[in-house]
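Please model the complete structure; the sequences and the hints are all you need to start from.
Number of protein chains: 2
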Amino acid sequence: MSLVLPQRPEPDPQLRSTLVRALRDFLPPDAVLEAEEERRPYECDGLSAYRQLPMVVVLPRTVGEVRQVMRLCHSLGVPVVARGAGTGLSGGALPLADGVLLSLARFKSILDIDPVNRTARVQPGVRNLAISEAVAPHGLYYAPDPSSQIACTIGGNVAENSGGVHCLKYGLTVHNVLKIRLVTVEGEIIEVGADAPDAPGYDLLALLIGSEGMLGVVVEVTVRLLPLPERAQVVLAAFDDVEKAGTAVGEIIAAGIIPAGLEMMDGPAIQAAEDFVHAGYPTAARAILLCEVDGTNQEVSEHILQVRAVLERCGATEVRTAGDEAERLRFWQGRKSAFPAVGRISPDYYCMDGTIPRRHLPEVLRRTAELSAEYALPVANVFHAGDGNMHPLILFDANKPGELERAEALGGAILELCVEVGGTITGEHGVGIEKIGQMCVQFQPEELEQFRAVKRAFDPRELLNPGKGVPTPRRCSEYRALPDRHGHDHVHGHGEDPRP
Amino acid sequence: MSLVLPQRPEPDPQLRSTLVRALRDFLPPDAVLEAEEERRPYECDGLSAYRQLPMVVVLPRTVGEVRQVMRLCHSLGVPVVARGAGTGLSGGALPLADGVLLSLARFKSILDIDPVNRTARVQPGVRNLAISEAVAPHGLYYAPDPSSQIACTIGGNVAENSGGVHCLKYGLTVHNVLKIRLVTVEGEIIEVGADAPDAPGYDLLALLIGSEGMLGVVVEVTVRLLPLPERAQVVLAAFDDVEKAGTAVGEIIAAGIIPAGLEMMDGPAIQAAEDFVHAGYPTAARAILLCEVDGTNQEVSEHILQVRAVLERCGATEVRTAGDEAERLRFWQGRKSAFPAVGRISPDYYCMDGTIPRRHLPEVLRRTAELSAEYALPVANVFHAGDGNMHPLILFDANKPGELERAEALGGAILELCVEVGGTITGEHGVGIEKIGQMCVQFQPEELEQFRAVKRAFDPRELLNPGKGVPTPRRCSEYRALPDRHGHDHVHGHGEDPRP
Numbered sequence: 001m002s003l004v005l006p007q008r009p010e011p012d013p014q015l016r017s018t019l020v021r022a023l024r025d026f027l028p029p030d031a032v033l034e035a036e037e038e039r040r041p042y043e044c045d046g047l048s049a050y051r052q053l054p055m056v057v058v059l060p061r062t063v064g065e066v067r068q069v070m071r072l073c074h075s076l077g078v079p080v081v082a083r084g085a086g087t088g089l090s091g092g093a094l095p096l097a098d099g100v101l102l103s104l105a106r107f108k109s110i111l112d113i114d115p116v117n118r119t120a121r122v123q124p125g126v127r128n129l130a131i132s133e134a135v136a137p138h139g140l141y142y143a144p145d146p147s148s149q150i151a152c153t154i155g156g157n158v159a160e161n162s163g164g165v166h167c168l169k170y171g172l173t174v175h176n177v178l179k180i181r182l183v184t185v186e187g188e189i190i191e192v193g194a195d196a197p198d199a200p201g202y203d204l205l206a207l208l209i210g211s212e213g214m215l216g217v218v219v220e221v222t223v224r225l226l227p228l229p230e231r232a233q234v235v236l237a238a239f240d241d242v243e244k245a246g247t248a249v250g251e252i253i254a255a256g257i258i259p260a261g262l263e264m265m266d267g268p269a270i271q272a273a274e275d276f277v278h279a280g281y282p283t284a285a286r287a288i289l290l291c292e293v294d295g296t297n298q299e300v301s302e303h304i305l306q307v308r309a310v311l312e313r314c315g316a317t318e319v320r321t322a323g324d325e326a327e328r329l330r331f332w333q334g335r336k337s338a339f340p341a342v343g344r345i346s347p348d349y350y351c352m353d354g355t356i357p358r359r360h361l362p363e364v365l366r367r368t369a370e371l372s373a374e375y376a377l378p379v380a381n382v383f384h385a386g387d388g389n390m391h392p393l394i395l396f397d398a399n400k401p402g403e404l405e406r407a408e409a410l411g412g413a414i415l416e417l418c419v420e421v422g423g424t425i426t427g428e429h430g431v432g433i434e435k436i437g438q439m440c441v442q443f444q445p446e447e448l449e450q451f452r453a454v455k456r457a458f459d460p461r462e463l464l465n466p467g468k469g470v471p472t473p474r475r476c477s478e479y480r481a482l483p484d485r486h487g488h489d490h491v492h493g494h495g496e497d498p499r500p
Numbered sequence: 001m002s003l004v005l006p007q008r009p010e011p012d013p014q015l016r017s018t019l020v021r022a023l024r025d026f027l028p029p030d031a032v033l034e035a036e037e038e039r040r041p042y043e044c045d046g047l048s049a050y051r052q053l054p055m056v057v058v059l060p061r062t063v064g065e066v067r068q069v070m071r072l073c074h075s076l077g078v079p080v081v082a083r084g085a086g087t088g089l090s091g092g093a094l095p096l097a098d099g100v101l102l103s104l105a106r107f108k109s110i111l112d113i114d115p116v117n118r119t120a121r122v123q124p125g126v127r128n129l130a131i132s133e134a135v136a137p138h139g140l141y142y143a144p145d146p147s148s149q150i151a152c153t154i155g156g157n158v159a160e161n162s163g164g165v166h167c168l169k170y171g172l173t174v175h176n177v178l179k180i181r182l183v184t185v186e187g188e189i190i191e192v193g194a195d196a197p198d199a200p201g202y203d204l205l206a207l208l209i210g211s212e213g214m215l216g217v218v219v220e221v222t223v224r225l226l227p228l229p230e231r232a233q234v235v236l237a238a239f240d241d242v243e244k245a246g247t248a249v250g251e252i253i254a255a256g257i258i259p260a261g262l263e264m265m266d267g268p269a270i271q272a273a274e275d276f277v278h279a280g281y282p283t284a285a286r287a288i289l290l291c292e293v294d295g296t297n298q299e300v301s302e303h304i305l306q307v308r309a310v311l312e313r314c315g316a317t318e319v320r321t322a323g324d325e326a327e328r329l330r331f332w333q334g335r336k337s338a339f340p341a342v343g344r345i346s347p348d349y350y351c352m353d354g355t356i357p358r359r360h361l362p363e364v365l366r367r368t369a370e371l372s373a374e375y376a377l378p379v380a381n382v383f384h385a386g387d388g389n390m391h392p393l394i395l396f397d398a399n400k401p402g403e404l405e406r407a408e409a410l411g412g413a414i415l416e417l418c419v420e421v422g423g424t425i426t427g428e429h430g431v432g433i434e435k436i437g438q439m440c441v442q443f444q445p446e447e448l449e450q451f452r453a454v455k456r457a458f459d460p461r462e463l464l465n466p467g468k469g470v471p472t473p474r475r476c477s478e479y480r481a482l483p484d485r486h487g488h489d490h491v492h493g494h495g496e497d498p499r500p
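Protein chains in written order, with full-length UniProt numbering: chain A, 1 to 500; chain B, 1 to 500.
Simulated from the structure, these hints should not be mistaken for lab results. Nothing here was measured: the structure is a model prediction, and the numbers come from that model. Even glycine gets a Cβ: it sits at the ideal position worked out from N, Cα and C. Everything hinted at is true.
If you want the footprint, here are the derived chain A segments under chain B, 3+ residues with CB under 8 Å: (1) 207–216; (2) 349–362; (3) 414–425.
Here it is as structure tokens:
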């Protein structure tokens, strides 16, 4: 199996009881979970193929308690994995048998809404959608919208630099967060970012966003809010050929339109979504595109006409504009439910998250189909086409011997294909534990060593989420030696480097 | 004097001759400057009050040569200061008497223009404006436009995270750079960033942008290009009161318009600019606003009407829309020439770069005027009003005893005023050597220590631009003890932190 859990020491019963006794000194009884059945809900995140019971779960309520937990774990040398809602898809919140699982679930307050400066200061356990709901009375919203936005928390979004269908126009989490308050591994507080356009000193804000809990524990987030657009409208286009749909994506962007969302689904994904939520999708199509534009009434009307013209020119067999807001939401409902929809038709699925330069879309779809045949596992494709962020869903049955391993190998091969055409192994789901092997393909040894040096600058003893995100040199040697690795070591962007 | 040069060891003649001999082994004669008259042009950057001859100047032509320079300096323990065009305003490129000044002036090639993906890959010594000129035939441009754009280089822009009048709408350098190739202090190459929307691993790209040459030497930059807007139009509004102009800024933003530029000048700045470039400014006004909108013809026409209405409602005494492109450029010419214009009317000037939350604009202007009276030095105000980035220009005469020191003390007091109202000590000019004392006011000791840890992760021996950007703990103690410090130690954003 290419994907192995990090090797950890056996939990030391003596250390465990010392830790728990000390935790109970300052935390109320319901904030320290020891019993196996209480720890069970925390054994995995959205990458449910990997499970590990944590040594103990803590659920602090205040920043002061988080600081005390960190100080204690630091003094005892106990590793800590922080967790939001556990909806992450790369195993970033997978616990450690010898570690503390630190849940931020009780940090659910919206601390401040400033409609004039268009910011909100929130605790990390606030759900993504709850921010938009809270600020809607001011005509504002928070733009990044991962599919899990009803459940996922802003702290988790920060950890994974989450995107969503609207990030083509409005950016990822990193583009929509202004400030973060962080508890360090030693229990200190640092605040990074600023309300101003730039902040003096090194840009630790961007460094922390997407760092998967490996540099500190986020205890407060100030987000940027946007005015709700006057109008949003979506066009659905059907194609009898996936490559034509891929071409249309490039043509829309080239026409100078930046859609609020530009999503593609292939035949298997369309069928699964339609069966599940009855979005009205044309199930005979080989691919559909959903193109949303937003802005003033005038802009939207103009852009919809332009988009329709491009889609027809690119050979769409059907182009449908949502007739009203209910239909617009239904169109999106299909796309946003694609993962659970696929979950209904397959015992298990494995969602990949590679990105590619848009121009390689047709080629990558063709080669993905070839790999799917080679590994004898179906693949349904759903993706943020506008920014080249693919989400191939590999369908398999973990109860059939060898299928999980084959799904992983196929997933790895697809990611290495993304790297080969100049893309990356993750667009928005993070590396976590899932893609740690492929990090050895994406980056040169010097680059990985620089990541490790940055990690040490925050966490010299490797206590924060160890084993995730950045592979050790040994791990890379092992990964490169794997017999079932499909890809090779072409590394993006370095091909033309005549290193002297 | 509050601003002291970093204390450095005397250059060691033995080490110097060893270094020069080794440099001449792999660099051609014209790439190693030893003679005093050859080193003289490198003794300062745009913060010309501080001058220091470097031990030796090197002008490599290839990445391989840069790597060899770095390896050599690393092995000998010689510090290195990298330099672009030397237009920086905070002394970030001030040389060291015991160090190498590494000029990137010969890295002037545009390596690749990709009009489909709208990117350009350029060497660090390419001038900011040269990029826009080179891509203009494709209908594209590079958005960040510092006042010095005709001379400053993209490498320097990356080092300082430069902005410009258009950064309100289009962002700072960090928002417009996709990838960087960096030579590390040990002479290794690492590449950070990606063509994809997100890159796996820690976000070193944002960390490096604005790091003032303290983490590595940038040898290649891939920038994002934007389509030239169909039309740009500018409105000039005159006010008989600076506070009214400040209010109008907030009202324009609140109306939902994001201008491409929103700039303010006060009476002394208007007069100086008008005398210099005859931009047609109303010299009787106490303040003018320049508000540019860009986009489609339709959008621009609508927004200009809205902007004019807001300005009139806010009490503008005159509102003028540029009649043609020539007039539009003339309006901007006045603003962009404000620094040299002030340079004509005063023997010396000192340009500050604080940012403040927009709502404090009227208060900060009033208190700046009070400080100006207190220190008996005139101040001309020019600023990126839309994003609250102030550029007070303190007029003084360095030949008059005590005036430089008074100008510095006044500048420091203005910056601490910015911090007090929730702003920052620099918006786009960087910390360099100039604001290193104020860093002790802006940040808590834990935050500064985290900056130092990040620095060590790239440069453990402090060889890259030492003494700039991040103060040592000792420096902060000295700064806080200064008798002529005007401000106090209120630190932005931490007021409400009930640290347990």
